[in-house]
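S.K.: Go by the hints and put chain B onto chain A.
If you read the protein sequences in the order shown, they are chains A and B.
Take 1 as the starting number for the first sequence in the numbering used here and just add one per residue.
Take 1 as the starting number for the second sequence in the numbering used here and just add one per residue.
These aren't lab readings, by the way, just hints derived from the structure by calculation.
Beta carbons: idealized from backbone N, C-alpha and C, even for Gly.
Incomplete in silico selection of chain A near chain B, CB under 8 Å:
hint, residue
1, P48
2, L49
3, V57
4, Q64
5, L87
6, N94
7, G95
8, V101
9, R128
There are 2 protein chains.
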Amino acid sequence: MSIPKLSYFDFSGGRGEPIRLAFHLGGVAFEDDRFAPAAFAEIRKTTPLNQVPVLHVGDSVVTQNNAILVYAGKLAGLYPQDSLQALFCDEVLNGLEDINVKIGATFGLKGDELRQARANLATEVLPRYLRWLAGRLESRGGAYFADQRLTIADLKALVILRWISSGKLDHIPADLVATAAPSLAAYMDRIGATPGIVQYYAARAGK
Amino acid sequence: MSIPKLSYFDFSGGRGEPIRLAFHLGGVAFEDDRFAPAAFAEIRKTTPLNQVPVLHVGDSVVTQNNAILVYAGKLAGLYPQDSLQALFCDEVLNGLEDINVKIGATFGLKGDELRQARANLATEVLPRYLRWLAGRLESRGGAYFADQRLTIADLKALVILRWISSGKLDHIPADLVATAAPSLAAYMDRIGATPGIVQYYAARAGK
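So here's chain A without its partners, still in its complex pose (with noise of 0.2 Å):
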């Protein structure tokens, strides 16, 4: 079979990025098809579901994004093995999913009905999935969120944290999580300097 082939916006976030790290951190040979937003109006016509990413591997095109990461994850050897840890990782990828969801919705709205939209996710709905992730991180420990080691949750969660962060989300105070959950923001700041995420992005800085 030949390498995998993942599909996905040319920018470092959303939900590609976290199966390239995963591909990255793995070693896992990947070939990472970036292409332009500006032509996703025509690549979505040829994906499954309209969506991105999308994952080619042997003669499949494979979408959902939680379950490609579960994939690359297995391959990567950065998802648990038990099943009970698995639940656990399992469980932090969907709630995190949900959280892209939510955010996603807000997208296209314009003016007050944004500012409204987006009022009630720094006050209610991201403030909920940021003290259930904290709670989450400090019952399993509180250095990872399963496994007790670097798994694809913590990759997700990592980029939906930093996104969240990055003050581009027009209404979404940069400092949300650090203010709802500042365990969380310490976690985000420790998993963003493994050794092996540094690199990776000192490397795409110079793309």
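M.R.: Below, chain B without anything else, positioned relative to chain A:
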């Protein structure tokens, strides 16, 4: 470790039902904790993210129905061991959960707003997902969604396809699956005729 306890609404559908089916078909001992819908307002105050189903396992209370379903599937022997087949299974689980979310978003709407949202589901969104599922099924051989055998993807598909076909969703024609994806309607009937599933519902009917 004591047996897992699954807490969910006392009806034969929704996000908890595929988990119950998996435990039952796999002969996995579990506590089937069912509550009346009216009790949910109180119960949700005590559950992670205010959601059900939740699985009590060891000293953890776990949310996110697809994560719990995969765990149940592993215990029940209804989840692929091969990573690629597991990817195909997970892809369908996540696509089916999208359907839950999209139908769920129309609950609580009234009158014209409900009519409009459901019409959009019936003519655009659901046919797209149903055709995608039919295509997946065909590409895996036509009988099951993954691993050439019954897996949790088929259990979740059965519960959701029956729900869409129930006639209980206002403005969603009960023959939508049959008209949008005839092969999927035949599949639904075939999976529903699995002896263990037939026995399960025959036994439930007396309760």
